[in-house]
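Hey, can you piece these two chains together into the complex? The hints should help.
Protein chains in written order, with this note's numbering: chain A, 1 to 193; chain B, 1001 to 1117.
These aren't lab readings, by the way, just hints derived from the structure by calculation.
A few chain B residues facing chain A, derived, Cβ under 8 angstroms:
id	residue
1	Met1001
2	Asp1028
3	Pro1029
4	Arg1030
5	Asn1031
6	Ala1032
7	Glu1040
8	Leu1041
9	Thr1057
10	Asn1097
11	Tyr1098
12	Gly1100
13	Gln1101
Nothing here was measured: the structure is a model prediction, and the numbers come from that model. Quick reminder that beta carbons are idealized off the backbone N, C-alpha and C, glycines included.
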Amino acid sequence: MAYLKIVTDAVAVAGVCTLTISNTDIEDYYIGDKVRVEGINNNFNGTHTLTGVDLLAMTVTYTKGNATQTVNDIRGAEIYVMPQWTSDADVLVWTGIDAATANDTAFISECVEASNQWCFRKRQEAGYTKDRATFVPSGDVAQAATLYAATLYRERGTSGDMYASYDGFGSQPQPVTLARIMQLLGCPRARVA
Amino acid sequence: MPATGIFATAVSTVSASLTALGLKPVTDPRNARPLTVMVELPTFDAFTYNVGDIRLTCRVLGAPSGNSDTGNYLLTTVDTIMDSPIAVLDGRPSIANYGGQDLPCYDLTVAVAVRRN
Chain A
1 MAYLKIVTDA VAVAGVCTLT ISNTDIEDYY IGDKVRVEGI NNNFNGTHTL
51 TGVDLLAMTV TYTKGNATQT VNDIRGAEIY VMPQWTSDAD VLVWTGIDAA
101 TANDTAFISE CVEASNQWCF RKRQEAGYTK DRATFVPSGD VAQAATLYAA
151 TLYRERGTSG DMYASYDGFG SQPQPVTLAR IMQLLGCPRA RVA
Chain B
1001 MPATGIFATA VSTVSASLTA LGLKPVTDPR NARPLTVMVE LPTFDAFTYN
1051 VGDIRLTCRV LGAPSGNSDT GNYLLTTVDT IMDSPIAVLD GRPSIANYGG
1101 QDLPCYDLTV AVAVRRN
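So that you can see chain B by itself, here it is in the shape it has in the complex (with noise of 0.2 angstroms):
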């Protein structure tokens, strides 16, 4: 079933405007892998029924072993989302478990404002 609603629409704004940057975003924990980034799922502040500020984490997903050949990686790709329209307010380096498997990854926090029509 596909999700609709203004968070819904957070998530597909972000996933284009990442593919946008020739990334490749995945939105199902089931299709994370390395190499991708994963959009979580949102959080947000409402100030209205329809007006919302809505936040997302999205996790550039590198492939292990973590060592420097995935920090360049990962530094270049982060470079790349915030030298983009995405509005990142924060990113921090961190491991991602999806499945049992822990990839190195960098998380970002993007903010996303959205109101119903």
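In isolation and in its complexed conformation, chain A is listed as follows (with noise of 0.2 angstroms):
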């Protein structure tokens, strides 16, 4: 999870909420990045656009509801960005053709933020610190991250050798590699000591 950190505190006014983060910094976190929030109740936990970041306070500033609410020394509470590099509609785009049920497009929609998140992490991995979750940061990235996800839409159902297909279509490999992922996100081979 991109910059996951730890909410100590919340206070919600007229649906205002603010979370104060703990022991550590959020220069990582930007006004418009989504985040998601769990671990503290109904009034403040979801996924919300920031709509202020304190450096100073340690705080992150976002909307919901309307609810009047503080809670303090949360246990368990935590916020992170979700990463935006693909989407939807770029996944329905490279596949080139509809969903065949109301759950399949709703599992694009997981396959797009496991993509995100993944993408996000091999990159921050790779040395890429200063990455920004809510812009991607080039064109080959992007395709990188439209690529895994279409490959894990498709890869539902299968052992990961060949697609999931009807009888008389027979069985057809999947040409996807993640050499060519993990090429795209200008990441390096990995090294054996």
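Take a look at the structure:
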């Protein structure tokens, strides 16, 4: 999870929520970032877009509902940024065909979120520590995120070697390789000592 | 995109009949797994533009490893389908491969007559 932080205090005033982040900096958080908040309560939890970041006070702000509440000394609450490097629409353009059912459409969203998180994490691990979660760094990274999401979508119901297809269509191998995705992400090969 | 037309109607009709028997039909190979019945794409002989003799292969999927545990389940399930309004023409034990997963199964050929309104 990108830039995972611990939340210690939460204040909501007429739906304007302010969270205090503990024991870590929040310089990786920007206004407009999409974040997920978990572990407080329904007045605060969920997916939101940041409307304010205060680096000195170590707080982030977003809006949700219309509640007024103060929760101090929270234990187990977290906030993290949700990268937005590819989207459901990008994946549908890539696959070139509509999803068969509403469940499949929902699964595309899950694959997109997984791909965004995975690609962001891989870039971080490879040393690209200044990536912004909300803006894709370059076209090749966008392509990689879309490619990985589409691959995850197409892999459902398989062992990972070939696609699940009707009996009359035979067994079709999966042509997309992880090496291609890592190449587009700009991540080097794993080193062996 | 949902499928339409007489072939889609044939598939949904057989699926509904299997559901009525308490079975779990699936029409997408991505959802094929043990203890479901995979309804394959239809084959057909056309009489006219709006009347066809449609046949579907229904694959009753068992769980590996294909021993008598699987056999007992498959025989019981196939008998349930035979003892219903579904028009089973023939059946045979086989192995189904969906997405690289081999599953013991029974292939049933089911006949459906559909006319375009």
